[in-house]
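A.B. asks: Residue numbers (our numbering), protein chains in the order written: chain U, 1 to 192; chain H, 1 to 369.
Among the clues, some could well be false.
[Said to hold, decoys possible] Mimicking DSBU-like on lysine-lysine, the simulated pairs with C-alpha atoms at most 35 Å apart in a straight line are:
(1) H:Lys264 - H:Lys110
(2) U:Lys35 - H:Lys264
(3) U:Lys157 - H:Lys264
[Claimed, not checked] Just the calculated beta-carbon pair ranges, DEER-fashion:
(4) U:Ala122 - H:Leu351: 24 to 34 Å
(5) H:Glu185 - U:Lys157: 48 to 58 Å
(6) U:Pro191 - H:Asn331: 17 to 27 Å
Honestly, the hints are just simulated from the structure, not real lab data.
For glycine and all other residues, C-beta sits at the position ideal for the given N, C-alpha and C.
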Amino acid sequence: MTEAGVIAGWIAPGARVLDLGCGDGRLLRHLWETKQAPGYGVEIDDAHVLECIRNDVNVLQMDLEDGLAAFADRSFDCVILSETLQAIHRQEPLLRDMLRVGREAVVSFPNFGYWKARIQIALAGHMPVSKELPYQWYDTPNVHHCTLVDFEALCAKVGIRILERVVLRDGGPVSVLPNLLGSRAIYRCCPG
Amino acid sequence: MIVQAQKASFTEPLRLRSGAVLPAYELAYETYGKLNAARSNAVLVCHALNASHHVAGTYAGEPDNVGWWDNLVGPGKPLDTDRFFVIGNNYLGSCFGSTGPASPNPATGKPWGADFPVVTVEDWVAAQARLADHLGIERFAAVMGGSLGAMQALQWTLSYPGRVRHAIVIAATPRLSAQNIAFNEVARQAIMTDPDFHGGHYYEKGVVPVRGLRIARMIGHITYLSDDAMMEKFGRVLRGKDGPGFDFDVDFEIESYLRYQGDKFATYFDANTYLRITKALDYYDPAADYGGDLSAAFARAGADFLVVSFTSDWRFTSQRSREIVRALLDNKRVVSYLENDAPQGHDAFLLEDPRYHGALRAYFGNIPL
Numbered sequence: 001m002t003e004a005g006v007i008a009g010w011i012a013p014g015a016r017v018l019d020l021g022c023g024d025g026r027l028l029r030h031l032w033e034t035k036q037a038p039g040y041g042v043e044i045d046d047a048h049v050l051e052c053i054r055n056d057v058n059v060l061q062m063d064l065e066d067g068l069a070a071f072a073d074r075s076f077d078c079v080i081l082s083e084t085l086q087a088i089h090r091q092e093p094l095l096r097d098m099l100r101v102g103r104e105a106v107v108s109f110p111n112f113g114y115w116k117a118r119i120q121i122a123l124a125g126h127m128p129v130s131k132e133l134p135y136q137w138y139d140t141p142n143v144h145h146c147t148l149v150d151f152e153a154l155c156a157k158v159g160i161r162i163l164e165r166v167v168l169r170d171g172g173p174v175s176v177l178p179n180l181l182g183s184r185a186i187y188r189c190c191p192g
Numbered sequence: 001m002i003v004q005a006q007k008a009s010f011t012e013p014l015r016l017r018s019g020a021v022l023p024a025y026e027l028a029y030e031t032y033g034k035l036n037a038a039r040s041n042a043v044l045v046c047h048a049l050n051a052s053h054h055v056a057g058t059y060a061g062e063p064d065n066v067g068w069w070d071n072l073v074g075p076g077k078p079l080d081t082d083r084f085f086v087i088g089n090n091y092l093g094s095c096f097g098s099t100g101p102a103s104p105n106p107a108t109g110k111p112w113g114a115d116f117p118v119v120t121v122e123d124w125v126a127a128q129a130r131l132a133d134h135l136g137i138e139r140f141a142a143v144m145g146g147s148l149g150a151m152q153a154l155q156w157t158l159s160y161p162g163r164v165r166h167a168i169v170i171a172a173t174p175r176l177s178a179q180n181i182a183f184n185e186v187a188r189q190a191i192m193t194d195p196d197f198h199g200g201h202y203y204e205k206g207v208v209p210v211r212g213l214r215i216a217r218m219i220g221h222i223t224y225l226s227d228d229a230m231m232e233k234f235g236r237v238l239r240g241k242d243g244p245g246f247d248f249d250v251d252f253e254i255e256s257y258l259r260y261q262g263d264k265f266a267t268y269f270d271a272n273t274y275l276r277i278t279k280a281l282d283y284y285d286p287a288a289d290y291g292g293d294l295s296a297a298f299a300r301a302g303a304d305f306l307v308v309s310f311t312s313d314w315r316f317t318s319q320r321s322r323e324i325v326r327a328l329l330d331n332k333r334v335v336s337y338l339e340n341d342a343p344q345g346h347d348a349f350l351l352e353d354p355r356y357h358g359a360l361r362a363y364f365g366n367i368p369l
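Chain U with its partners taken away, still in its complex shape:
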């Protein structure tokens, strides 16, 4: 079970999608190929923007920290924030903006509550470094890590309704003690 597969399962055929922090555009490419969903990516990094253009994916070079003023209310069926939440400085206004622009939002992030991360802090006494969290603390694009519990609390505060949640570890779903045993979480949300 891959994240792209989970997200594709939530996207209706032909849906208009906006992928924030789209990297080289592979998720958009996947959604186009599997769901014929036309999409745009937003990306700030020059190299990624170039890869998107090479991959024939619509890309808009913009800074997410500036908000989503380029997009009209309800102009997308789904706004995706995949593996980008933890690299944003101000999550709350961005989440609000996502659900202004999209009818639904998909958010995925590495779970900082995963037991291996907890052990690295609790026992080894250092910031976690793993497959999901590959960066050293002093050299990382990530600024705000969170756990499933943290994210769900933020959703409650902002007034976001969680429609579905899939928690993964090593490509398989986790249903027992997800905040402890899951290394990655993917949420489907809508305005509350």
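Chain U is fixed; fit chain H onto it per the hints.
C.D. replies: Below, chain H without anything else, positioned relative to chain U:
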């Protein structure tokens, strides 16, 4: 690449946006590469204020006369003339080959001068469409331009939405700001108040409003460069002096540079043309007929779009390009947007930046023929 300028003559009168009619006219153009059998590989390159149809290559025996976008257009270059048939067209009203104010007015046999009509971006595009007909091109693979050229690319998608597959819109604005118009007006005033202007009929007097042209060019040049780029290039370096001269001769390098640019420009550019292109810039505003709503204006736009802006461009800022992107998104158009942080200002569109040129190369590479 050795190239040759060509001319096409049109005898069917062209009704202009102003209501005036141009009875007959010539368009200067150049072509690079070969039109394929399906006629599906043609790309029109539109030029900006002081450029011409000489986009790429050199003329035989003139190795220094290199086309103005030669770093982008040619064999193996981002717009690859081994794959595409590229056309450079000189707009109507120019002084570089197409019919303009210095051309003979058929009614009098004398140069048009002040009587040459005011031409607009829409008029240029209408004339270019006739050139496309003349060359047997029903639909362009792409129309591309920077600055004033970008306005023509935009207008193509509005005037002839079925005739453009891709529009590449670089360092653009959907309308001039009051500040942009103000700079243009200062330039026009410089020309029109020059005693050698003679109300635009200076050809028959055998003079050129050199002073006005110089100042117009100096003003323009200031707006093409960013503050940082100008500081980087000239700083406060004095010109051949150890200290201030306490007079009004050249002190700083930047003064010398502007004077040089102004002098050079006045030797080759026509004042009546300058007045007309600044007006074409000022008048361009496709949203005007839609109560200022650019999204409504672009509802009829054909083509897929690549929009490129430069963050150091204070003449046509990135915000203006984002307005174009927003209007295209509102109409569910296929669009990509590159916001390049090259430091040079508006002129960055003419320079070689690997990210900017890389993006254009990738974009053209994905255009099916």
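A.B. asks: Taking only the CA atoms, is the gap from U:Lys35 to H:Lys264 under or equal to 35 Å?
C.D. replies: Given pair U:Lys35, H:Lys264 is violated - Cα atoms ~58 Å apart, limit 35 Å.
A.B. asks: Measuring from beta carbon to beta carbon, are U:Ala122 and H:Leu351 in 24 to 34 Å?
C.D. replies: violated, 54 Å
A.B. asks: Between the alpha carbons of U:Lys157 and H:Lys264, is the straight-line distance 35 Å or under?
C.D. replies: violated, 65 Å
A.B. asks: Between U:Pro191 and H:Asn331, does the C-beta distance stay in 17 to 27 Å?
C.D. replies: holds, 25 Å
A.B. asks: Given the hint of 48 to 58 Å, is the C-beta distance from H:Glu185 to U:Lys157 inside that range or not?
C.D. replies: Once the Cβ atoms are compared, 53 Å apart, the range 48 to 58 Å for U:Lys157 and H:Glu185 holds.
A.B. asks: So if I understand the rule, the pair passes when the alpha-carbon distance is 35 Å or less; does H:Lys264 with H:Lys110 pass?
C.D. replies: holds, 27 Å
Hint violations for this structure: numbers 2, 3, 4, all remaining hints satisfied.
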